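J.: What follows is the residue order along each chain.
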Amino acid sequence: MSAIASNPGVIDESKENLSLTQIAFLRFRRDKAAIFALGFVGVFVFLAVTANVFGWITHQDPYLFNEDVINLDNGGTPIGKFGGISSMHWFGVEPGTGRDLFMRFVHGARTSLIIAFASTIGTILLGTFIGLIAGYFGGLIEKVVGRVIDFILTFPFLLFVIAATPVLENSLERFGIEQSPTFRIITIISIFVFFGWTGTARLVRGQVLSLKEREFIDAARVAGASKWHIIFKEILPNLSGPILVISTLALPSYVTAEAVLSYLNVGVIAPTPSWGATVLRSTPYFEANPTYMLIPAVSLTLLVLSFNLFGDGIRDAFDPKGQK
Amino acid sequence: MKNKSTAIFAALALSASALTVVSMSPAANAAGGITLNAKAVGPAPAIAGTKKGGTLNYTGKSDVNHLDPTRCYDTFCMNIGRLLWRTLTAIQTDGNGKQTLVGDLASDVGTASKDSKTWVFKLRSGVKWQDGTDVTCEDLKYGISRTWDIEGSNVLTSGTEYPVNYIENKTAYKGPYTTPTGDLSGVVCGKSGSVETITFKLTQSAGDFNFQTTMPNYAAVKKSKDTGATYDDNVFSNGPYKIESRIKKDKSFFVKNTYWDTKTDPIRLQNVDRIDMLLGQDSVNTNNLYIEDTGRATNGMVNGPLTQNVPLIYDSEYDGLKLRFENRGYYGKGPYVEWLAINVQKVTDLNLRKAIQCALNKESLRATAGGKSTGDYTNSVVPVEFGYPAYTVCTDNPKGDLAKAKTFMSKVKKNTELVFAYSNATTDAENGALSIQSSLAKAGIKVKIKPIDSTDYYTLLETQSKDTPDLMLYAWGFDWPNSSTIFPPLFASDLVGKDTVGENKSRVQDKALDAIMNKALAESNATKQTALWVQADQYVSNTIAAVVPLWQLKTLLWKGSNVGSVYNSISNSFDWATVYLKNPTK
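Chains as they are written, first to last, in the numbering used here: chain A, 1 to 324; chain B, 1 to 586.
No lab work stands behind these hints, which were simulated from the structure alone. None of these values were measured; they are calculated from a predicted model. Cβ coordinates follow ideal geometry from the N, Cα and C atoms, glycine included. The reader is advised that the hints may include incorrect statements.
If you anchor each label on the Cβ, the simulated ranges turn out as follows [said to hold, decoys possible]: (1) A/V298 / B/N96: 30 to 40 Å; (2) A/L172 / B/T258: 51 to 61 Å; (3) A/S180 / B/T50: 49 to 59 Å; (4) B/D396 / A/L172: 40 to 50 Å.
Given these sequences and hints, build the entire structure.
T.: So this is what it looks like as structure tokens:
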């Protein structure tokens, strides 16, 4: 049973009894900037998902060294203008190795999006669960959770991630888990979730506190619903709006965070492609080969910008007056 | 000796070699194109265009590992350290790059007994410390004796152990800190008329002992000024410069040692007034200064260019320097050879090792290091100037031979995943690792690449632990032009211990190889000795496949336009001993 729309005065197009979500969708449709942003996001997600298909079309591989497209005698510089752009290599090739940059681009998009989506899902799941419990039960549980959140939030995020990643890996190595590219991705996601859940939990707790006093909750209680039923079947569905907003704003921040870590050489491990790592490697070649850096840098900017605009659009759609 | 950036692509610190073709004589004369001058006196040969004055600077990322001569064993510390300490004998380089062995603290090049087991050197008079006191035979003996402390790993670490391996020690002397009242029996100070002499009693014949005494272990150290482990930062000088101040990894300043007398020194000149070293600097920024020749770069010495800047200075078609760098750069063959060491203790299957030799794509690996300017392909660990007969290691095709590799792989019983460790200091190192991984994968050899922090890298290669890698890159240069400074230090089985392996990165423990090497060391006939080293060479590369020889490194150097200096192949860079500023007022 879904709740009645919380803003009775703002129903569009004379349609009545629409759910909040449906109303939000209609509002969103009219927001040009948000649609445009969604389009961009869609393109990136498409590229990331179909990365292997591109490999099949272009016969290229993001890990394969191509010795014939770089000048083996002279520093491995790409042969040809703009860093070796050609019909075989749409974005050129990497100096020193000859790896196809377009493939590294789409696979890099995949790396960024996998990490960002996984971290967001983890953040949302953990944060929402803890927020629900803290908000509904209150009392000691709420106090303890509140202090834990405050404590975690005192750590400066980026510094802590840089420091914690190798430490975490070393401790886990003792349990026989070897360092590997996949394992590093898991480590990064874990650390992101460890920090990220706090913001979500706080927000959710706040929402729960206000929802908890509503009549429909009393009604459910009176009707004999168990606590868990109330939490998950009554309150949670009403959080869909805020949760969606949090997700769409968390995603770009995780994309950025992963890029920053890879740029600082403490993110993904070679040979995993990542836009941040590509920016790092391209820095010394900037004067000779600007496209090498411009492509991932501009794409990162566009991706994060689109996600942010999309997130703003979602938030405006759910709550145009900006009250929450 | 270790290249300053050993085992990593030495495109960062290469230099040219002025060595001509080497003849393999262990006798005291004419070792490898280097002649001897038993009567050399100061001043050092004049270099045209030398002016006096000004401040020379150095900008770099890493500091000198050890300025303490007993602990110094890489080209960087040897080049700069010579400004502060003088050794028994040394190699003089003149303005044309010609090299001569001369006495440095000695006034002659030593006289050997018939069996080359006793050597006597006369010492120069008038050589003074930075406080005006004379450098005496006791100071030299004290300096040499400090190597025994390194052997016992007490206070001092690093450095070579040549003196310990050659000089008699009848009293179980353990160095000046552990046995302060002890005496090193193999070194005797005496007098011949009014001249001080030093006599060495050796445990084995060494026809080229007077070349060994160019090693930093044979520098004088004044006992009252020895501060043990911190002597690194407080070296007491008898050279043309002394330390004014030194903060390790940050800044160092050297000023003139007013007690240094040019008439006593055939190697060094004292041209600039001051030397200013700035460390911990970002390599990309430093490189940019040198590309533009601005700021500190104009009066500066620096390491070689980063790989991405190589195309700016080097013309691959012409295989030489670009015009604008011609008077402030150098390009030529160096004395170092680089190879991929296979840990034979872990990679025990000879077929797997041979497969690695066949599968490795040297061309791709060389491209990641900078291409043609990095080095010339070789099938041996010995430099081409030694003139050993050429042979093939699997194939002469630098791309490798996948078919042969697969044939060997089919005979391999257990194909385990191999670990290749590399220092994560540069992107080139990572690209190199990826190249090795990808070329070996094509033959079915699984390689896992492991980045190691640059400060821990050498320790990892040298110690025996569960993390010891199976494959690693290494480079080596002779200490003086004889295979006696190549094979025994790299492949002798007694180097491999429970905890460390020294320079024997391949962990080779082969009795047949030991026998060949020992025979060669004892052999005084030049031709017979060479034949034995040739055997050892092919044994290491082909019979036991302990290494995959890659290339003989070339040197690509640059410096500021206002700096005048000559190459020195021994230190593998522009020589600090005779450096000057072309316009001291700049």
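J.: Next, verify each hint and record whether it holds.
T.: Structure-based check of each hint:
1. A/V298 / B/N96: 30 to 40 Å: Distance hint for A/V298, B/N96 is violated at roughly 54 Å.
2. A/L172 / B/T258: 51 to 61 Å: Since the Cβ atoms of A/L172 and B/T258 sit about 60 Å apart, the hinted range of 51 to 61 Å holds.
3. A/S180 / B/T50: 49 to 59 Å: Since the Cβ atoms of A/S180 and B/T50 sit about 57 Å apart, the hinted range of 49 to 59 Å holds.
4. B/D396 / A/L172: 40 to 50 Å: holds (46 Å)
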